[in-house]
Amino acid sequence: MSTHVLASPVLTATSTDLTWAEIPALVLPALGDTLVMVGVTMAIVVALGVPLGVSLDTLGPGGLTPRPVLHRVISAVVSVGRSLPFLILMAALVPFTRFVTGTNIGIPAAVVPMALAGTAFFSRIVENSLRSVPPSLVRVARASGASPLQVLTSVKLSEAVPSILGGLTINTIAMIEYSAIAGTIGAGGIGYVAVTYGYQRFDHNVMITTIVVLVALVAVVQALGDAAVRATTPHSRRRVPRQRRAGTSGATPSSSSPTVQTSASASPKELTDVHH
Amino acid sequence: MIELRSLTKTYGEGQHATTVLDSLDLTVSPGEITAVVGPSGAGKSTLAACVTLLERPTSGAVLVGGRDLTALPEKDLREARRGIGTVFQADGLLTRRTAAQNVELPLKHLGVVPAQRRARVAELLERVGLADKAHRYPHELSGGQRQRVGIARALALRPSVLLSDEATSGLDPQATASIVALLKELRDDLQLAVLFITHEMDTVVAVADTVARLDHGRIVEHGALVDLLHTPSSPLGRALLPRRAHAGSIAEDGATGPATQRSVWVVSHAGHRVPADWLVRASRALGTDLELLGASLSTVAGVAVGHAVIGAPGHLDDDDVEAALIGLGLHAQREESDAAEQRAAARTLEQPLEVVA
Ligand SMILES: Nc1ncnc2c1ncn2[C@@H]1O[C@H](COP(=O)(O)OP(=O)(O)OP(=O)(O)O)[C@@H](O)[C@H]1O
Ligand SMILES: [Mg+2]
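The listed protein sequences correspond, in order, to chains X and R. Oh and the first sequence: position 160 is 160 in the working numbering, straight run, nothing missing. For any residue, its number in the working numbering is found by taking its place in the second sequence, counting from 1, and adding 1000.
Hints should not be assumed to be uniformly reliable.
[Said to hold, decoys possible] Looking from chain X toward chain R, a few residues come up when the C-beta cut is under 7 angstroms (computed):
1. 143
2. 145
3. 234
4. 236
Hints are computed from structural coordinates only; laboratory data are not their basis. Ideal placement from N, C-alpha and C gives every residue a C-beta, glycine not left out.
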C-alpha cells in the first residue's frame, strides 16, 4: 500500500514538483492499489451480478419462469443501487462499510461501495444480454424438450457470453473510474495520488503521470475485453484471420495458397450437396 | 400420428379476443406429408406452436402418438415434446456452436452418453448430406445447409412426428428441392407423420401427399393432392396449378384472321385414366386436327395433372368437342367467357383515375 507515503499530506501548495525520478515510487504502488481495488471489486461484482442478472431475466415477464412479484422486488432493489451517484452512495454507506470491514478508509472501505454499485450495474448488463438472445432459439430448445435450466445454461447464457464479456469490460472501466472517486476520500490508488499531488499541490508532473497511467490502464482493459469478445464470437473469430490472409496473400502467395484451395474446393461440394 | 380435435386458440380476452384457430380438426398419419397452406395470418404458425404446446390451446385436444398432450403436466410434456421434431423457418441454430454441436444438444439435454451422442450426430449429418460440414459454424453454412442442420437436429431424438413451419421459405429452388427430397426420404424410411406448413404452392405440389387449406382459423379445404389437382372446381386445385397465359388468348384479341374461326378450350385432367395421347385421339374422334395452344402439365405421384389450352376449328359443334374430350376423362370448358372477362378487367385498369381537384 502506498498510503504511508501520503500519511501526513501537507496541503500547502508548493511550486516544487516531484522530479520524474521520484514519481515511479509514488505512482507504481498506487497503481497496484488501484488494480487490487478494481480486481477485488470485479470478483464480487461477477459473483453477485450474474445470479442477479439471471434472476431479473428469468423471473421477468416473458422469462423462462416468470415470477412477477419477486421480479419486481429484485428489480426495485437493483434500481436503487443504480440510481444513486457513486459519491453519494459511498457517503451513505459509511456506517455499513464500517460494520462490514471495521474501517472507513483504505482499500476495504472503497471495495464495499464499489462492489455494490458495480453489482447493480452488472446485473442490468447481464439481464440485457440475456434478453437480447433471440426468442426463436429458446423456442427451438423448448420444442425439443429442454428444461428451463437447460435452456438457461446451454442457450441463453451460452449465446450471451460475448455480450456479457463486452458488458464486463464496460463495467471494469467504470470501476476504474469509481476507484479514482473513492481515492479522493482516502482509499488510496491512482485517484488519491492524482487528487493530493496533482489537484491539491498543483504538481503537474504527477498529474500528467496519473493521466497517462489511467488512459493506458483503460486502454489495456478495453483491448483485453475486445479480444475476449472476439475469441467467443465464431463470426468475428473466423473473419479476422481471413482478412489477414487476404492481406498477406499478395506478399507470400505460397503460404496462403492452401487456404485459397480449401475455399475454392468448397463450392463444387456445395453444388453436389444440393442435389443430394 | 398427429390428431387435432376441435383445436381452438384464442388470443386476448373479452372485447379484444381474437380466435386464431377455430375448432379445427386435422389428422396426419404415419408416412404421410400433409401440407398446410393459407394466407398470411391464417394461423399456420399458431397451429404448429399448438401441436408442441409451446402455445397452450384454449380448448380441444392435441394427440401425438395417441397421447393427449393438453392433459399432461409440464414435466411429462417436456418428455412428450421429444417425440416431435420441429423445423422452424429461422433455422434457430446456436451461433456459438458448430453444426455437430447444434445437432448434439437435444441428445445432451436428454442425458445420452458422449460416445452414443457422437455416433448419432455423425449418422444424422450423414443423413442430411452434411457429414463434411460437421465442424462448421452456422454463419459458415448456406441457408439451405443451415435448414438441413435444423432437420438433423429435429430428428436427433427419433421423433415419430415432424413439424415444419416455412422450412423452405426464402430458399432458392435448388435448396428447396433438396429439402423436399430429404423430407420424402424421411417420410418413407422413418414412417414420419409430417406437418408441412408453407405458403409456396410449387413446394406443396412437390412434397405433399395431402393438402389442407387454412383460412380464418378453419380448414376450408382438405384432400389428397392428386384429387385436388384433378378437381378444377376446387380453389386449392386451381391455386396449386395456376393457369398460365397462352397463345389462344392473344390470338383472340387480334379479332381478325383465322383465330376468329376457332373455339378455344381449357382442358384439365379430371381423373387418373386420361390416355397420354388424348389430343390425337380427340382429333381422330372429331375428324379434324385440334391445335395445342399452350399447356402446363406435370406428373405428381405418377399421375399427370395440369391444364392444356387447345383450339378447335370453328365449324365444329361445341357439344361435339366437349363430348369428345369428356369421353377421354378430361374436364373441358370453352374459354370465351374468360377471355371476355379478362378484356373487361383490362379496360377497368386502363380507365384514368379520377382526381379530386
Ligand atoms: N401472441 C399473439 N397474441 C395475439 N395475437 C397473435 C399472437 N400470435 C399470433 N397472433 C395472431 O394470430 C393470427 C395468426 O398468426 P400466425 O402467425 O399463426 O399466422 P400465419 O398463418 O403463420 O401467417 P404467416 O404466413 O404470415 O406466417 C394473426 O392474426 C396474428 O396477429
Ligand atoms: Mg407463420
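Problem set entry | Hint numbers contradicted by this structure | Hint check: 4 fails alone, others pass.
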